[in-house]
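Participant: All chains, please: the whole structure from these sequences, using the hints.
Protein chains in written order, with my numbering: chain V, 1 to 293; chain L, 1 to 293; chain A, 1 to 293; chain C, 1 to 293.
Hints listed in this document are in silico derivations from the structure and should not be mistaken for laboratory results.
Computed from a predicted structure; not experimentally measured.
Keep in mind that a hint or two might mislead.
Copies of one chain are not kept apart here, so a pair can be met inside one copy or by any two copies together.
[Stated by the list, open to error] Okay, derived cross-link-like pairs now, SDA-like style, lysine to any residue, Cα gap no bigger than 25 Å in a straight line: (1) LYS133 <-> PRO212; (2) LYS56 <-> ARG123; (3) LYS215 <-> LYS238; (4) LYS215 <-> GLY195; (5) LYS197 <-> THR105; (6) LYS197 <-> GLY122; (7) LYS141 <-> GLU199; (8) LYS106 <-> GLU71; (9) LYS238 <-> HIS68; (10) LYS141 <-> GLY195; (11) LYS141 <-> LYS197; (12) LYS45 <-> ASN78; (13) LYS141 <-> VAL202; (14) LYS215 <-> ALA225; (15) LYS106 <-> LYS197; (16) LYS111 <-> GLU55; (17) LYS56 <-> VAL113; (18) LYS111 <-> GLU199; (19) LYS133 <-> GLN99; (20) LYS215 <-> ARG131; (21) LYS197 <-> ILE27; (22) LYS147 <-> ASN206; (23) LYS141 <-> ALA207; (24) LYS215 <-> GLU203.
4 protein chains.
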Amino acid sequence: MRLGFIGTGNMGFPMAQNLLLQGNELIVHNRTKEKAEPLIARGAKWAESPAEVAEKSEVLFTMLSDDHALEEVTLGQNGLLSAMRAGSIHVSSSTVSVQLMGRLTKLHQEKGVFLLSSPVMGRPDAAKAARLKLLLAGPAKVIEQVKPLLLALGEVLICGEVPKMANAVKLGNNFLIASMLEALAEAITMVRKHGVKAEDYVEIINAFFGSPVYKNYSHLMLNRAWEPAGFKLQLGLKDVKLALAAAEAVHAPMPVADVVKNHLIEAGAQGWGDQDWTAILKAVERDAGVDRE
Amino acid sequence: MRLGFIGTGNMGFPMAQNLLLQGNELIVHNRTKEKAEPLIARGAKWAESPAEVAEKSEVLFTMLSDDHALEEVTLGQNGLLSAMRAGSIHVSSSTVSVQLMGRLTKLHQEKGVFLLSSPVMGRPDAAKAARLKLLLAGPAKVIEQVKPLLLALGEVLICGEVPKMANAVKLGNNFLIASMLEALAEAITMVRKHGVKAEDYVEIINAFFGSPVYKNYSHLMLNRAWEPAGFKLQLGLKDVKLALAAAEAVHAPMPVADVVKNHLIEAGAQGWGDQDWTAILKAVERDAGVDRE
Amino acid sequence: MRLGFIGTGNMGFPMAQNLLLQGNELIVHNRTKEKAEPLIARGAKWAESPAEVAEKSEVLFTMLSDDHALEEVTLGQNGLLSAMRAGSIHVSSSTVSVQLMGRLTKLHQEKGVFLLSSPVMGRPDAAKAARLKLLLAGPAKVIEQVKPLLLALGEVLICGEVPKMANAVKLGNNFLIASMLEALAEAITMVRKHGVKAEDYVEIINAFFGSPVYKNYSHLMLNRAWEPAGFKLQLGLKDVKLALAAAEAVHAPMPVADVVKNHLIEAGAQGWGDQDWTAILKAVERDAGVDRE
Amino acid sequence: MRLGFIGTGNMGFPMAQNLLLQGNELIVHNRTKEKAEPLIARGAKWAESPAEVAEKSEVLFTMLSDDHALEEVTLGQNGLLSAMRAGSIHVSSSTVSVQLMGRLTKLHQEKGVFLLSSPVMGRPDAAKAARLKLLLAGPAKVIEQVKPLLLALGEVLICGEVPKMANAVKLGNNFLIASMLEALAEAITMVRKHGVKAEDYVEIINAFFGSPVYKNYSHLMLNRAWEPAGFKLQLGLKDVKLALAAAEAVHAPMPVADVVKNHLIEAGAQGWGDQDWTAILKAVERDAGVDRE
Chain V
1 MRLGFIGTGN MGFPMAQNLL LQGNELIVHN RTKEKAEPLI ARGAKWAESP
51 AEVAEKSEVL FTMLSDDHAL EEVTLGQNGL LSAMRAGSIH VSSSTVSVQL
101 MGRLTKLHQE KGVFLLSSPV MGRPDAAKAA RLKLLLAGPA KVIEQVKPLL
151 LALGEVLICG EVPKMANAVK LGNNFLIASM LEALAEAITM VRKHGVKAED
201 YVEIINAFFG SPVYKNYSHL MLNRAWEPAG FKLQLGLKDV KLALAAAEAV
251 HAPMPVADVV KNHLIEAGAQ GWGDQDWTAI LKAVERDAGV DRE
Chain L
1 MRLGFIGTGN MGFPMAQNLL LQGNELIVHN RTKEKAEPLI ARGAKWAESP
51 AEVAEKSEVL FTMLSDDHAL EEVTLGQNGL LSAMRAGSIH VSSSTVSVQL
101 MGRLTKLHQE KGVFLLSSPV MGRPDAAKAA RLKLLLAGPA KVIEQVKPLL
151 LALGEVLICG EVPKMANAVK LGNNFLIASM LEALAEAITM VRKHGVKAED
201 YVEIINAFFG SPVYKNYSHL MLNRAWEPAG FKLQLGLKDV KLALAAAEAV
251 HAPMPVADVV KNHLIEAGAQ GWGDQDWTAI LKAVERDAGV DRE
Chain A
1 MRLGFIGTGN MGFPMAQNLL LQGNELIVHN RTKEKAEPLI ARGAKWAESP
51 AEVAEKSEVL FTMLSDDHAL EEVTLGQNGL LSAMRAGSIH VSSSTVSVQL
101 MGRLTKLHQE KGVFLLSSPV MGRPDAAKAA RLKLLLAGPA KVIEQVKPLL
151 LALGEVLICG EVPKMANAVK LGNNFLIASM LEALAEAITM VRKHGVKAED
201 YVEIINAFFG SPVYKNYSHL MLNRAWEPAG FKLQLGLKDV KLALAAAEAV
251 HAPMPVADVV KNHLIEAGAQ GWGDQDWTAI LKAVERDAGV DRE
Chain C
1 MRLGFIGTGN MGFPMAQNLL LQGNELIVHN RTKEKAEPLI ARGAKWAESP
51 AEVAEKSEVL FTMLSDDHAL EEVTLGQNGL LSAMRAGSIH VSSSTVSVQL
101 MGRLTKLHQE KGVFLLSSPV MGRPDAAKAA RLKLLLAGPA KVIEQVKPLL
151 LALGEVLICG EVPKMANAVK LGNNFLIASM LEALAEAITM VRKHGVKAED
201 YVEIINAFFG SPVYKNYSHL MLNRAWEPAG FKLQLGLKDV KLALAAAEAV
251 HAPMPVADVV KNHLIEAGAQ GWGDQDWTAI LKAVERDAGV DRE
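Facilitator: Set out below in structure tokens:
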């Protein structure tokens with residue numbers, strides 16, 4: 001298969017590499033060419049623009065940082081949409097808004113090409129090890145065609161027949177993680193102020209809950225390991241805002257998401273936006289006056 | 001050892017039974033004698049009042065429904081405190097406020113007797129199977145004496161040297177569970193309103209999170225299995241309020257607990273207080289207009 | 001009329017004085033006798049206990065700081081309730097919980113005596129000038145008897161036939177004021193961070209809203225006049241918690257009250273509990289990082 | 001002066017009319033020409049596009065419904081910006097985001113033309129009576145030129161030298177009103193559930209607060225006068241979201257705005273979006289189970 005890949009950053013690079021290792025022809029583009037060089041060295045071809053990738057691909061992946069980047073690459077000057085071949089497929093793996101995904105779905109349909117949404121869960125090391133969880137939504141027939149490719153990247157979880165559904169699921173999941181961070185921070189702060197040692201409490205939580213998320217993040221909090229960030233606080237804020245926007249689009253309140261948003265804003269306002277998002281603990285602590293103690 | 005046990009209800013009964021099976025002498029009291037009969041049939045002795053239990057015990061357990069009941073049994077007419085023998089130990093297993101535990105600690109000290117707090121995590125079937133998690137806090141020397149007894153009931157998790165610490169931990173844990181219910185309800189509602197099938201989303205959550213709590217509760221929500229209640233919504237509300245009171249006592253905000261509280265109040269105001277606390281989903285859904293659809 | 005007055009503090013003293021000036025016989029009691037001396041100098045009689053006041057009065061006022069004090073004075077040793085004469089009237093002016101008022105109502109009925117609740121709005125200077133607003137609730141016939149006395153203290157606003165109704169109204173009003181402080185703080189902080197001068201914004205608010213509350217409090221905020229406190233932040237927190245307890249008693253969420261509560265807790269945790277409650281602005285500002293600027 | 005006016009809807013029409021009555025030459029454009037006809041009958045000239053208005057005006061007003069409309073009219077095909085004459089002035093009176101206003105400010109500067117922001121407070125009848133409050137922000141020299149024109153429309157309140165400041169102030173004010181509605185709804189619901197009659201409570205509030213906003217809206221709530229809407233609930237939601245976006249742009253949490261947002265979403269999800277925004281009371285009531293009573 002002739003595949004295209006646009007966006008070879010921290011996440012996109014290992015994904016593109018695994019598609020190459022699977023034996024596909026690959027044509028790549030990235031805002032800065034350097035990041036794609038190792039792929040070219042292994043046989044991928046370089047394209048000067050998204051449009052050029054589109055012209056030469058049957059299935060085209062995009063893995064970009066946000067709505068703005070995906071919009072630019074898809075609809076901007078030398079964007080991919082206007083150059084896609086009839087019947088070809090665009091697989092969007094970016095974490096973007098359901099609103100943008102809805103708009104792009106319509107524009108792809110008008111153009112007679114296909115769009116799937118496949119945001120991923122997992123960090124760069126999981127991408128490298130082909131152990132991502134790939135959410136996937138779009139028309140069943142198109143999914144059938146693309147699924148074998150995605151299995152080269154990890155496990156595939158089908159979300160429904162409309163692309164934005166995969167984005168809603170992704171944002172829902174990220175919200176669930178964020179809510180666990182916030183709740184953990186509130187619980188730890190309360191018990192600590194009653195004199196319980198943080199390490200004792202973290203041990204009890206992990207004996208009791210058996211939750212990998214609690215385990216991982218409670219240890220980061222315990223060690224106050226804010227830097228280097230595994231996932232930056234400001235990206236967490238971006239995702240929580242996207243979850244809220246997704247909810248507002250369908251008239252659903254998410255008051256816990258509001259609470260998380262406000263603590264992430266508070267943390268950002270203290271200059272902690274580039275720290276790991278477990279630093280939300282520090283916002284919760286300072287509201288309780290722990291920083292004075 | 002001569003043990004006392006006051007409060008042989010759903011949780012207390014199997015705990016008392018396991019202490020009996022361990023080979024201890026046991027003297028029991030309960031508000032209604034019938035519930036204690038099977039213990040008496042197996043060799044426990046009946047006492048007419050908490051005071052009588054206290055007179056005849058070296059270690060005395062209480063497992064009662066709330067602050068009011070524990071206060072009455074401890075400090076009321078024929079209450080246990082005034083009758084405790086010098087050097088004897090009161091192990092409180094009720095889920096009560098840190099405020100009451102603080103007050104009782106002082107009163108036991110003045111009387112020259114010992115108080116440990118040991119609220120438990122787990123439901124009646126875990127109590128029966130001696131697989132409870134027993135939180136435990138109090139002076140280390142007293143803990144040493146009592147711990148072998150508690151091992152007949154399950155696993156012991158030490159929280160610190162001040163009794164109320166075990167209560168803070170218990171309330172923190174229950175809050176964490178409650179926050180997971182609320183977050184799950186918000187996420188499920190949002191993705192469903194985007195057209196994702198609830199069963200698909202629940203499957204994805206469980207593939208991704210590996211959390212027993214999410215697994216258990218998301219299936220209850222999916223099956224809308226509100227009755228019979230595993231844990232009643234109004235008891236959940238009671239515990240969340242106790243967590244908030246514990247937080248307020250040490251000047252710590254817990255805004256997610258406030259959100260949970262409000263949805264449980266809303267659910268209670270619809271008449272769902274006796275349903276399982278996963279029915280919080282219905283409160284979240286009706287805020288989003290799902291009940292109209 | 002033979003009147004009794006218990007609690008001659010900042011608010012109670014000027015109220016008692018105005019009842020004396022109206023020409024009534026007055027018998028007074030206070031925890032510390034010194035505060036009542038000037039009243040005695042003007043003809044009031046001293047009683048050694050609440051019970052003694054009750055024995056000698058037809059109508060008996062209490063003006064105390066909180067639930068605990070009112071409970072003690074009414075039900076404690078030498079408390080007033082056991083000594084009240086048949087058909088006599090207890091007018092409670094304290095800001096206390098609806099729960100306590102409900103309980104006291106029942107106990108007064110059982111004793112064959114009357115209870116009115118009449119919490120007041122206004123500060124000591126308004127009490128002195130007989131310009132309080134007196135909320136009043138209880139049986140219409142009893143209100144009729146007492147109202148002429150209350151007119152010596154200010155304006156009377158009838159709330160209903162059950163005493164606790166006046167407390168619900170008082171707590172509702174204090175909540176409304178507190179919510180205006182919080183909203184003002186949020187709005188001021190947001191516009192200031194966009195570069196608008198605080199004094200310009202305060203001027204615009206007052207040109208637009210014509211609200212005495214906004215006017216008064218926005219100027220205190222503008223001048224950062226936290227001390228001396230007109231109304232202490234920790235008393236504001238007490239009242240907001242009472243409002244929440246009143247709401248929870250009838251299954252009503254009050255999410256704005258939760259927000260206010262959390263900012264007052266945050267402010268208290270910074271050590272600002274004795275400052276004026278407009279210092280809630282500082283809690284809002286620090287969440288937005290204004291304190292770093 | 002040769003003035004332009006784009007957007008002659010409910011608010012824009014009476015404003016344009018007052019500028020005409022002041023003796024200015026006026027050229028108008030509106031999406032639907034019919035609405036502008038009465039102005040043309042009184043001497044205004046019609047232009048086929050925003051660009052045509054811009055070509056022929058020294059000062060150009062826009063009064064449009066939202067960000068999208070203002071963006072389209074300013075930057076779209078035949079938009080006004082590309083046609084503005086050197087040194088001419090664009091006065092934007094729409095309630096739009098601070099983000100858009102910031103972007104437009106930059107684009108006007110690049111083009112060598114001036115932008116003032118002047119959102120208004122008041123409803124159509126105030127516009128007709130020339131009794132609007134006009135917020136105004138932009139360079140002082142430009143304000144000086146335009147202010148005499150604005151005095152034909154009402155009172156001018158200066159917010160600062162950067163256009164977006166007037167938008168921040170407008171959104172702050174609308175948030176303050178919205179927060180008063182929410183707080184009023186919470187207080188009324190709580191006291192009513194304690195048995196106090198709504199009309200008694202509303203009377204007390206108005207005796208105590210002396211706030212025109214409370215007075216007006218509490219009577220609308222009391223009469224349950226949801227239709228016809230004085231200000232539609234869904235427009236209120238739009239404005240609260242804009243306030244939150246303005247706050248997030250400067251890293252400021254506004255948790256009361258989140259609460260209001262959620263109740264407006266809940267109300268919208270019940271199908272009440274076209275009712276008056278005082279219908280937020282119904283959302284608060286149903287959370288407290290009042291709709292079942």
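Participant: With reference to the structure, classify each hint as holding or not holding.
Facilitator: For each hint, the structure was consulted:
| no. | hint | result |
| --- | --- | --- |
| 1 | LYS133 <-> PRO212 | both (16 Å within a copy, 19 Å between copies) |
| 2 | LYS56 <-> ARG123 | neither (29 Å within a copy, 58 Å between copies) |
| 3 | LYS215 <-> LYS238 | within (24 Å within a copy, 27 Å between copies) |
| 4 | LYS215 <-> GLY195 | within (22 Å within a copy, 32 Å between copies) |
| 5 | LYS197 <-> THR105 | between (52 Å within a copy, 20 Å between copies) |
| 6 | LYS197 <-> GLY122 | between (32 Å within a copy, 23 Å between copies) |
| 7 | LYS141 <-> GLU199 | between (51 Å within a copy, 21 Å between copies) |
| 8 | LYS106 <-> GLU71 | both (13 Å within a copy, 22 Å between copies) |
| 9 | LYS238 <-> HIS68 | both (13 Å within a copy, 23 Å between copies) |
| 10 | LYS141 <-> GLY195 | between (59 Å within a copy, 19 Å between copies) |
| 11 | LYS141 <-> LYS197 | between (55 Å within a copy, 19 Å between copies) |
| 12 | LYS45 <-> ASN78 | within (18 Å within a copy, 43 Å between copies) |
| 13 | LYS141 <-> VAL202 | between (47 Å within a copy, 24 Å between copies) |
| 14 | LYS215 <-> ALA225 | within (14 Å within a copy, 29 Å between copies) |
| 15 | LYS106 <-> LYS197 | between (55 Å within a copy, 22 Å between copies) |
| 16 | LYS111 <-> GLU55 | within (14 Å within a copy, 38 Å between copies) |
| 17 | LYS56 <-> VAL113 | within (14 Å within a copy, 46 Å between copies) |
| 18 | LYS111 <-> GLU199 | neither (57 Å within a copy, 33 Å between copies) |
| 19 | LYS133 <-> GLN99 | within (23 Å within a copy, 36 Å between copies) |
| 20 | LYS215 <-> ARG131 | both (20 Å within a copy, 22 Å between copies) |
| 21 | LYS197 <-> ILE27 | neither (54 Å within a copy, 36 Å between copies) |
| 22 | LYS147 <-> ASN206 | between (36 Å within a copy, 21 Å between copies) |
| 23 | LYS141 <-> ALA207 | between (45 Å within a copy, 24 Å between copies) |
| 24 | LYS215 <-> GLU203 | both (9 Å within a copy, 22 Å between copies) |
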